[in-house]
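Protein sequences appear in the order of chains W and P. All the letters of the first sequence, read from the start, carry residue numbers 64 to 333 under the numbering used here. All the letters of the second sequence, read from the start, carry residue numbers 51 to 446 under the numbering used here.
I should point out that these hints are in silico values taken from the structure, not numbers from a laboratory. Keep in mind that a hint or two might mislead.
Here chain W is said to cover these stretches of chain P; the calculated rule only asks that three of the stretch's residues, wherever they fall, bring their Cβ under 8 Å from a Cβ of chain W [claimed, not checked]:
no., segment
1, 233-244
2, 343-352
3, 408-418
None of the values given here were measured: they were computed from a predicted structure. Note that the Cβ used here is the ideal one computed from N, Cα and C, for glycine as well.
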Amino acid sequence: MSRKTSRINKKFAELAQKNEKALITYLMVGYPTQKSTFDAIRGLIRGGADIIELGFPFSDPLADGPVIQNASTRSLEKNIKMGQFLAMARKIRKESDIPLVLMTYTNLLYRRGYDRFFKAAKTAGIDGVITPDMTIEESREYLKAAKKHKIDTIFLVSPNTTKPRLRKIARQTTGFLYLVSVFGTTGVRTKIQNYTINALRNTKKTVGAGLPVGIGFGVSTPNDVKHYVKNGADAVIIGSALIRLIEKTPASEIESKVANFARKLKAETK
Amino acid sequence: MKIKFPKDGRFGEFGGKYIPETLVPAIEELESSYLRYKNDQSFKKELNYYLTEYAGRPTPLYYAKNLSEKIGGAKIYLKREDLLHGGAHKINNTLGQALLAKRMGKTRIIAETGAGQHGVATAMACACLGLKAEVYMGLRDTVRQRLNVFRMNLLGCHVHTVESGSQTLKDAINEAIRDWITNVNDTYYLLGSAVGPHPYPVMVRDFQSIIGREILQQMKKIGKSHPDTVIACVGGGSNAIGTFYPMIDTDTEIIGVEAAGEGLETGHHSATLNAGSKGVLHGMMTYLLQDTEGQIKETHSISAGLDYPGVGPEHSYLKDTRRVRYASATDDEVIRAFLLLTKTEGIIPALESAHAIAHAVKIAKKKQKSDSIVVTLSGRGDKDVEVVEEYVKKNF
Numbered sequence: 064m065s066r067k068t069s070r071i072n073k074k075f076a077e078l079a080q081k082n083e084k085a086l087i088t089y090l091m092v093g094y095p096t097q098k099s100t101f102d103a104i105r106g107l108i109r110g111g112a113d114i115i116e117l118g119f120p121f122s123d124p125l126a127d128g129p130v131i132q133n134a135s136t137r138s139l140e141k142n143i144k145m146g147q148f149l150a151m152a153r154k155i156r157k158e159s160d161i162p163l164v165l166m167t168y169t170n171l172l173y174r175r176g177y178d179r180f181f182k183a184a185k186t187a188g189i190d191g192v193i194t195p196d197m198t199i200e201e202s203r204e205y206l207k208a209a210k211k212h213k214i215d216t217i218f219l220v221s222p223n224t225t226k227p228r229l230r231k232i233a234r235q236t237t238g239f240l241y242l243v244s245v246f247g248t249t250g251v252r253t254k255i256q257n258y259t260i261n262a263l264r265n266t267k268k269t270v271g272a273g274l275p276v277g278i279g280f281g282v283s284t285p286n287d288v289k290h291y292v293k294n295g296a297d298a299v300i301i302g303s304a305l306i307r308l309i310e311k312t313p314a315s316e317i318e319s320k321v322a323n324f325a326r327k328l329k330a331e332t333k
Numbered sequence: 051m052k053i054k055f056p057k058d059g060r061f062g063e064f065g066g067k068y069i070p071e072t073l074v075p076a077i078e079e080l081e082s083s084y085l086r087y088k089n090d091q092s093f094k095k096e097l098n099y100y101l102t103e104y105a106g107r108p109t110p111l112y113y114a115k116n117l118s119e120k121i122g123g124a125k126i127y128l129k130r131e132d133l134l135h136g137g138a139h140k141i142n143n144t145l146g147q148a149l150l151a152k153r154m155g156k157t158r159i160i161a162e163t164g165a166g167q168h169g170v171a172t173a174m175a176c177a178c179l180g181l182k183a184e185v186y187m188g189l190r191d192t193v194r195q196r197l198n199v200f201r202m203n204l205l206g207c208h209v210h211t212v213e214s215g216s217q218t219l220k221d222a223i224n225e226a227i228r229d230w231i232t233n234v235n236d237t238y239y240l241l242g243s244a245v246g247p248h249p250y251p252v253m254v255r256d257f258q259s260i261i262g263r264e265i266l267q268q269m270k271k272i273g274k275s276h277p278d279t280v281i282a283c284v285g286g287g288s289n290a291i292g293t294f295y296p297m298i299d300t301d302t303e304i305i306g307v308e309a310a311g312e313g314l315e316t317g318h319h320s321a322t323l324n325a326g327s328k329g330v331l332h333g334m335m336t337y338l339l340q341d342t343e344g345q346i347k348e349t350h351s352i353s354a355g356l357d358y359p360g361v362g363p364e365h366s367y368l369k370d371t372r373r374v375r376y377a378s379a380t381d382d383e384v385i386r387a388f389l390l391l392t393k394t395e396g397i398i399p400a401l402e403s404a405h406a407i408a409h410a411v412k413i414a415k416k417k418q419k420s421d422s423i424v425v426t427l428s429g430r431g432d433k434d435v436e437v438v439e440e441y442v443k444k445n446f
């Protein structure tokens, strides 16, 4: 996958020129409704989000904490299908050129067949995929299919990932590398751990300048964003906090409230 | 056919490690520790001591004369894992893994449980070896197997009730994995079945293989080198793989029995190998009960211990290579087998094990008197008497 041509790479290059970092935002598609997903996406784009991560629900989301688990369950109760998700992606793509990343679990891609899936995803306008239960050891067929269809493969690393392994993972990663900030599942945290900052610095140092590093899991406030940007993050990823905001916002105000929230977060990346 | 220790963690195309990156160092540490201790003389000696003196091994291979004569066919032998401390085969594995955890310097043990037998066996091994244990159990299972919840509490183990998903074994595993990701540095995840990411399926199989090894020893006493047929129930499949593995390279006919629930045609069952398709769940590639999208289906079985939409990867491999045949038994057949064994032999089997009995009853009459069928009676049924009473009242 050419690092120069993907929408994600172009975005990072563009931001680098402006001396900005990337704001990446995560939504669970279909939660609470498909309409709210579109409203939130429009709000995010208006508020200055740089990349949008779309979560597709899996029945057994073992890397997710309570907020995203609940969103997954609710979305699945409405019987959302991968076909609908791809149709949604196509619709967003007609309105905007913002990079779109799918986050879901391996089985949903395996079940369709990696090749068939990536082909459909590319056609729908998806730029990258994150699968938290895919290790590099099991990724041969997955990578082959992703390369063929020019989809970025965004792998995750953790504070306990060893240096040699970090290098190995970075070699298979395109778009950006996803650093999991904490030992734990996704979800809002109240405090930033010292080990997280060390992990961020070490990861940056080990992978070098060629590959942007985004930090996620428990990143929830403008203050968190500021802190991570100051310590070298190329991107910050906000998920559960955004979902919680959508949950408590009346349907008619989702777009404006989400835009506001995105604006405050984005301000800390400049 | 026999795969001793798969280097890439795979049995054919099944198995592997599909796990969050945070768990990779823990899984690597587990693999290297297991490889180091599994042939270590002092480790083996210590495990053997506890298996003998604490758990009650070896277990008898009992000739079920009344049952065999009543059916009129092959001689049925029962491998009495129900007589082990705690009432099930699970203690073979929990003692092994708890001793390993201790050598690895882990102080906190977590586990999942379905029927509660693995939870109880974990709580016992940990109490005995001075380790702290916490067990995840689905809400539905805490209701239908509440006696085991009391037992775990009495043993000093904290039971976390899991209310997500189908509130059964699958969800208990999800929650245990989430705990492990969060507390990866000091916590040992003591998985109870031959499932999960490598090296769990192979390690659990090895600890449970004592069942099959003893059967082969005991067959010699009755003048045979191996049984003509061996039968065990399969949920995740730990008692089955422990029974089968030592016999893979013999001529024994090997049969696993899955839970057909209300019938395979109804969709309300847990017969993964009979009705499933390939996929990835709980760190492994294996057969799964899933829909066309890849979402995992809710399963049904009258026995909580078999109520699981996946199966150990080695069973998937043994199915595809046709070395093992996987049959199934419905709830109804299981209850009848439960009642039959109880009345003819005075042995109350666990509902899980009653699946294997049900299949033995089916095939024994078609066989010769000189044929031998060994059934692994993986656990005792005290925990199930309420469920059976309710079923009998409603249906018979």
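For each hint, the structure was consulted:
Beta-carbon proximity to chain W at under 8 Å applies to 3 residues in the segment 233-244 of chain P; the threshold of 3 is reached and the given coverage holds. Residues of the segment 343-352 of chain P lying with their CB closer than 8 Å to a CB of chain W number 4, which satisfies the three-residue condition for coverage. Check result for the segment 408-418 of chain P against chain W: violated, 0 residues qualifying (beta carbon to beta carbon below 8 Å, three or more required).
The structure does not agree with numbered hint 3 stated previously, though it agrees with all others.
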